[in-house]
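Spelled out from the first residue to the last, the chains are:
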Amino acid sequence: MADTPGIPPGTLHMLILKTLTRLGPMHGFGIALFLQQTSDGVLEVEEGSLYPALQRLLLKGWVVADWRQTANNRRARYYTLTPDGKKALRAEVQSFDKVNRAIAQIIHPAET
Amino acid sequence: MSFPQDWKRRIDYLRQRGRYEGELEEEMRFHMACKAELTGDARRARTSFGNATLYREESRAVWGWTALESIAADVRYTIRGFRKTPAFAGIAISTLAVAIGGGTAILSLAEATLVRLLPYPNADELTLIFEGSTSQTTVRGDTSPGTFRALQESMKTLHSLALYQPYETNLTDEGEPERLDAALASANFFNSVGIQPRMLKEKKASSF
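So the protein sequences, as listed, match chains A and B.
For what it's worth, this note's numbering labels the leading residue of the first sequence as 1, then goes sequentially.
For what it's worth, this note's numbering labels the leading residue of the second sequence as 1001, then goes sequentially.
Hints in this document: simulated from the structure, not taken from any laboratory.
Mixed in with the good hints there might be a few duds.
To be verified - DSS-like cross-link-like pairs, simulated, lysine-lysine; straight-line CA separation at most 25 Å:
(1) A:Lys86 / B:Lys1008
(2) A:Lys60 / A:Lys18
(3) A:Lys60 / B:Lys1008
(4) A:Lys18 / B:Lys1035
Build out the structure end to end from the sequences listed, making use of the hints.
See below:
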């Protein structure tokens, strides 16, 4: 765990929200798996961060949760993005892009 | 992200926190089961999942009731302790009661005598003057009409000066006599303190 860089601080909310726009309603495990697979194993979200983060998103009203049956007939809690969550995601992506560009300008000065 | 909405959800959580916590637990069990299926190793899935109790606690803390819950736990613990040692509890509680009662009494006395003004208009301008003597130890002597008149004529800092001497008297009529608090006062007394008495028979005073 310590030898993987993991998820940059402050981006977990954005990553979860984005995952939900791409997958539609999904459970915690599905979100973690998607992040890991889509990032070729770089973004390994720990359960200890994922579930508190999901609770924070519930509190902010950016997602809602309900229980559904999975494909292999298990009961799982699915999270769905709310309109507020879509708005929040847009704002978070915007500020993330801005910071990223700023960092890139500093560490790759020749390319800009 | 509006605050009233946030608080509505927080309160919702508080009222149904049993359900919320049960759901979280089931959700984490599901996660672990999926992980076990994926890796084919239930033991490894469990250990790599880590401390589920800690995660649940951290998830619970998100809703912001942790402080309140720990206070509630402290209160329950204290009540249990008191039940076990009623003598100690009684002494502790009555000590507190006496101390709080005493403090309140002293403070209300101080407030009435030192802080609160008398119920007269411009009460902060009212002042008591006593006649004393430099040669004698008595500070409060009686004032003669002559002195009073001389003071009235020469005063510069006061609007008005009135004489006042409290005493006790008896009221007798048919039935039981009654002891009364009374005062002798100069005719301008009520005027000086700035109030209208409900009943006043004023003699057109020749003297004061």
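Taking each numbered hint in turn, which are not upheld by the structure, reported in ascending numerical order? Structure breaks no hint.
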